[in-house]
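J.: Line order of the protein sequences matches chains A and B. Per this note's numbering, the first sequence starts with residue 1, numbered consecutively. Per this note's numbering, the second sequence starts with residue 1, numbered consecutively.
Bear in mind the hints are in silico, worked out from the structure with no lab data behind them. Misleading hints may appear alongside valid ones.
Claimed, not checked - Label-pair distances were calculated between CB atoms; the ranges are: (1) B/55 with A/24: 54 to 62 Å; (2) A/78 with B/118: 45 to 53 Å; (3) A/148 with B/17: 47 to 55 Å; (4) B/31 with A/24: 51 to 59 Å; (5) A/65 with B/112: 50 to 58 Å; (6) B/48 with A/168: 15 to 23 Å; (7) B/31 with A/242: 27 to 35 Å.
These numbers were taken from a predicted model, which means no experiment stands behind them. Even for Gly, the Cβ is constructed at its ideal location relative to N, Cα and C.
Each chain, written out:
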Amino acid sequence: MVYRIFDAHAHIGRDLFSEMSAEDLVNGMKKWNISKAVVSPMGRAMISNIAQTNDEISSIVKSHGRELIGFAAANPWYGQESVEEIDRAIGSLGLRGIKLSPATQGFPVNHEIVHPVIKAAINHGVPVLIDTGFPVVSLPFQFGDLAKSFPDATLIMGHMGLADYNWFDALVVAKSCPNVIIETSSQDCQISFEQAVKDIGEERLVFGTDVPHTDPVVEIRKIETLDIPSSAMRKIFSENIARLLAL
Amino acid sequence: MKITDAHSHLMVKFLMYREAGVEQNIQMMKKGGIDRACLFTSDFLSTDGSLTPKAWEERMNRKIAESVESHPTRLVGFGTVDPRIEGAAERLDSFVAKYGFRGAKFHPWHQDFPCGDVMHPIMEVAARHRLPIVFHSGTPVYAQPLAIAWLAEYFPDVPIVLAHMGLTCMYVDAVHAAKRYENVFLETSCMPYTPVLERAVSELGPHKILFGTDTPFLYPYIEILRIQRLAINDDDKEMILGGNIERLIDRSA
Numbered sequence: 001m002v003y004r005i006f007d008a009h010a011h012i013g014r015d016l017f018s019e020m021s022a023e024d025l026v027n028g029m030k031k032w033n034i035s036k037a038v039v040s041p042m043g044r045a046m047i048s049n050i051a052q053t054n055d056e057i058s059s060i061v062k063s064h065g066r067e068l069i070g071f072a073a074a075n076p077w078y079g080q081e082s083v084e085e086i087d088r089a090i091g092s093l094g095l096r097g098i099k100l101s102p103a104t105q106g107f108p109v110n111h112e113i114v115h116p117v118i119k120a121a122i123n124h125g126v127p128v129l130i131d132t133g134f135p136v137v138s139l140p141f142q143f144g145d146l147a148k149s150f151p152d153a154t155l156i157m158g159h160m161g162l163a164d165y166n167w168f169d170a171l172v173v174a175k176s177c178p179n180v181i182i183e184t185s186s187q188d189c190q191i192s193f194e195q196a197v198k199d200i201g202e203e204r205l206v207f208g209t210d211v212p213h214t215d216p217v218v219e220i221r222k223i224e225t226l227d228i229p230s231s232a233m234r235k236i237f238s239e240n241i242a243r244l245l246a247l
Numbered sequence: 001m002k003i004t005d006a007h008s009h010l011m012v013k014f015l016m017y018r019e020a021g022v023e024q025n026i027q028m029m030k031k032g033g034i035d036r037a038c039l040f041t042s043d044f045l046s047t048d049g050s051l052t053p054k055a056w057e058e059r060m061n062r063k064i065a066e067s068v069e070s071h072p073t074r075l076v077g078f079g080t081v082d083p084r085i086e087g088a089a090e091r092l093d094s095f096v097a098k099y100g101f102r103g104a105k106f107h108p109w110h111q112d113f114p115c116g117d118v119m120h121p122i123m124e125v126a127a128r129h130r131l132p133i134v135f136h137s138g139t140p141v142y143a144q145p146l147a148i149a150w151l152a153e154y155f156p157d158v159p160i161v162l163a164h165m166g167l168t169c170m171y172v173d174a175v176h177a178a179k180r181y182e183n184v185f186l187e188t189s190c191m192p193y194t195p196v197l198e199r200a201v202s203e204l205g206p207h208k209i210l211f212g213t214d215t216p217f218l219y220p221y222i223e224i225l226r227i228q229r230l231a232i233n234d235d236d237k238e239m240i241l242g243g244n245i246e247r248l249i250d251r252s253a
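Pulled out of the complex, with its shape left as it was, chain B reads as follows (with noise of 0.2 Å):
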């Protein structure tokens, strides 16, 4: 069974953290027993008060196509632009055609912005190249699952990722989002509640559900114990553990 995570991140230096390079997610990842995994940065914000915003988006956007490109076959990298800045949909455009990422990350919170109006240039530069979109969610206020969601009323065609399925505290919001529109998808990282994760494949049926890990923030072998101890059977597991993901990410699709 091939297993893709849907969610890790690249580490700088940032609160607590060190800045650690690719070579520590490719040993988490093989500590886990994964195969490929979607690479996002941790630097939603700029930390390097010596770089412009947009030289900063620029150098991160970069830091994670080098990333990809040292390990092509077991990375697949997502980009992400600061929404608040005039002209962001095109810079994504952009760092889309020269990274050739596969999709996009937004932290809502993180990256200091309400999830409405302001994502809908952005959404359509994912829906031209068919890219899914991450966000971070189940963190009020500006990361509520609903409130991202609510971007499937506009978009329709451009799969939209609740990641962390609503962090805890608010699963139902993030459940109920899924079920009400068809290109929500729920990533699991950080969803203690197995009851939760159970219920959701038996509601939304398992084409809904992501398996990701939230590396190096969180450790991949203890986040694929937990999916692979479900209750849920094979075919189910494998589309959980890497299908999903793959087909959203594949470009030929």
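Chain A with its partners taken away, still in its complex shape (with noise of 0.2 Å):
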């Protein structure tokens, strides 16, 4: 069965230990049969120059219009500052969700510092899409006390919790908040997301591959072997994302 696929977690850019250019996403989507990505910056370009940053998101994401979805980078740090940059980002350049990185831009995921940012997610009607799984900034638990603070937000976790255990606390907050979805990349326990599909049903996942940290034909194996339904892998690969996106 071929599943039309699209990735809720793409990067562009640079950090400690990957890169990835545009051009080399969109051709490698083909190799891969992703159709569409969600892109956001990662590394230095997630800590300062946030408009420059987000400018260049939105030219890549103009050129590959077919291909590519642009995520703004947001910097909590930045206070109001940050809320004008989102005002911009999605108002005027066209992004269509929010991309914070706790570990990265160093903030506990859960500290007010980012209660401005989740704010102007809520106004602007977009989804954000956090790194989760970083001990001490970014655990679920971590996450899980910001989705309960604004029951409002639509919350993307992404990879998961990440290692270890973590996935177990990651379905436990995602049973409770309702506004949680949470994001496949780097999570390497399939057993995970069959427990998902079970716990919180099939709407509530969505496919990533953090790529160019990963391998993408790794990530869609993956999930395209996973003992569950073909109408959630389906939704997993695509429908869901596509419905948060209005894709």
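Using the hints, put the two standalone chains together into the complex.
T.: What follows is the structure in structure tokens.
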């Protein structure tokens, strides 16, 4: 069975251990049979000169309008300025969501410093994709603390808590927070997704690769071989993210 | 190419998991194209309250030995002991003699011990028997890669394997540890970052990297696919996928 595949978590730029250009991503997507990807920046571009970062992402998605959807960088450390940048990135640049990387940007995800960013996302009706699984700053229950504070925000839990048994915690959080969406990249434990379908249903899981950090072929294989209904497979691979972003 | 998995478990009833016999391991190995696997327990702390900790230790190690006995060409037994209970080194020594284990596995957070002086007598046993010691790594607080690798300061001859090579977010520590200490090795299960794997191979040398799957928690056909697709040469791949661990567990070496 061939599924239509949208990647809810791809990157352009460079960070501590990898890099990816827009051209390489778009060419790669053809090889991997990924028809659309949500792209966000990474590394230093998430930390400073955020307006420049968002201009670049916006210009990239404009030249690859069929394949790419852009998420804006937001750095909560900039306070009101970060809210104004979100207004510009979503309102004028045409970006469709917000990306936060607590470990890269240096804040606990449940700290009050994040609240203006989440409120701005609610105002614009866009989801926030947040990397999770890093002890101290972004463990599932820290993410859940934020999700409980903002039940109107759509929060995508990148990596489903990442390593170890963090996925147990991810499911506890997702079960009690209907505004939490789980994203699959670099979560290596396939049992976690089968359990997730049982625990939270088929609607709140989205496929992601976290490319260039991972091998998308492995990330796809990991999902397409799951023991779940084909309806769930379709939703995870594309329908759920299409619904969330009105694609 | 002979494929040897440096990290697999015999599943017992534990959290959401059900007890599964060794045949499940063999099936999963076949599906993933794995020829031989190092087999650890997954029952690191007793889940059976009716047993004393020492009786549990004996039963768990015996189960590993029996599993290996039922598939002697497929499986290589690794033992473990509870380092918190006095006489752990002597008990490991006797399990190795009795069951022919070719290594030992420790899980610092699961077994609830900080990986410092308490490990020294156990490492002495490992040195005497030329056994590699595998540690779960990458989970703060107890299983920090550098805390484990620090044992190499005192035991430069014991192969120390950092399972999961820092488990995603602590890969930097794992790579530094393997660079600093000749006898520290990195095992690849649950390391989804392809660029980290490729850079580790080129910076540390392919002899430092051991393919592992963490079966049955993770699925071998996925873990092996990632390694097979790395942009490294075939000789390096052959070492990583089996040659390196085979050398560490070779009784005659």
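J.: For each hint, tell me whether it holds in the structure or not.
T.: Going down the list of hints, with the structure as the test:
1. Between residue 55 of chain B and residue 24 of chain A, the C-beta spacing of about 58 Å keeps the proposed range 54 to 62 Å intact.
2. As the Cβ distance of residue 78 of chain A to residue 118 of chain B is approximately 47 Å, the hint placing it in 45 to 53 Å holds.
3. Taken as a hint, the range 47 to 55 Å is violated for the pair residue 148 of chain A and residue 17 of chain B, whose Cβ atoms sit roughly 29 Å apart.
4. Remark: the range hint 51 to 59 Å for residue 31 of chain B to residue 24 of chain A is contradicted by a beta-carbon distance near 32 Å.
5. With their beta carbons about 54 Å apart, residue 65 of chain A and residue 112 of chain B fall inside the hinted range of 50 to 58 Å.
6. In this structure the supplied range 15 to 23 Å holds for residue 48 of chain B paired with residue 168 of chain A, their Cβ-Cβ distance being about 22 Å.
7. The hinted range of 27 to 35 Å is satisfied by residue 31 of chain B and residue 242 of chain A, whose Cβ atoms lie roughly 33 Å apart.
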